[in-house]
Amino acid sequence: SGERSFADIITSIRYWVIHSITIPSLFIAGWLFVSTGLAYDVFGSPRPNEYFTESRQG
-14 SGERSFADII TSIRYWVIHS ITIPSLFIAG WLFVSTGLAY DVFGSPRPNE
36 YFTESRQG
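If you count the sequence shown from 1, position 49 lands on 34 in our numbering, and the numbers rise without skipping.
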């Protein structure tokens, strides 16, 4: 028959709950990673505000 078992419903709900938490948290973690300046430190690139201060001094 076309009816779904109770276990399938539970696993699908758990699947959607997990992804509704992990996917937004990945976006938030990435945004924090860039906004806190960690990305600049990790990749060794100067921060945007350092670009401005260097160009004004030079």
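Check before you lean on any hint, since a few could be wrong.
[Said to hold, decoys possible] Estimated spans, in silico, between C-beta atoms of each pair:
| hint | residue 1 | residue 2 | range |
| --- | --- | --- | --- |
| 1 | Val19 | Arg(-1) | 27 to 37 Å |
| 2 | Ala24 | Gly(-13) | 28 to 38 Å |
| 3 | Ala(-8) | Ala14 | 24 to 34 Å |
| 4 | Glu(-12) | Leu23 | 20 to 30 Å |
| 5 | Phe28 | Phe(-9) | 46 to 56 Å |
| 6 | Gly(-13) | Val27 | 28 to 38 Å |
| 7 | Phe(-9) | Asp26 | 28 to 38 Å |
| 8 | Ile3 | Leu23 | 19 to 29 Å |
No lab work stands behind these hints: they were computed from the structure. Keep in mind it's a predicted model, so treat the numbers as computed, not measured. Backbone N, C-alpha and C fix where the C-beta goes; we use that ideal spot for every residue, glycine too.
Okay, the hints, checked on the actual structure:
The hinted window of 27 to 37 Å between Val19 and Arg(-1) holds, with their beta carbons roughly 31 Å apart. For Ala24 and Gly(-13), the hinted distance range of 28 to 38 Å is not satisfied, since their beta carbons lie about 49 Å from each other. In this structure the supplied range 24 to 34 Å holds for Ala(-8) paired with Ala14, their Cβ-Cβ distance being about 32 Å. With their beta carbons about 50 Å apart, Glu(-12) and Leu23 fall outside the hinted range of 20 to 30 Å.
Distance hint check for Phe28 and Phe(-9): the Cβ-Cβ separation is about 48 Å, which falls inside the suggested range of 46 to 56 Å. Between Gly(-13) and Val27 the C-beta distance comes to about 51 Å, which lies outside the given range of 28 to 38 Å. In this structure the hint that Phe(-9) and Asp26 lie 28 to 38 Å apart at CB is violated, the actual value being about 49 Å. Our hint of 19 to 29 Å for Ile3 and Leu23 holds, since their Cβ atoms are close to 26 Å apart.
The structure fails to meet hints 2, 4, 6 and 7 from the earlier list, while all remaining hints are met.
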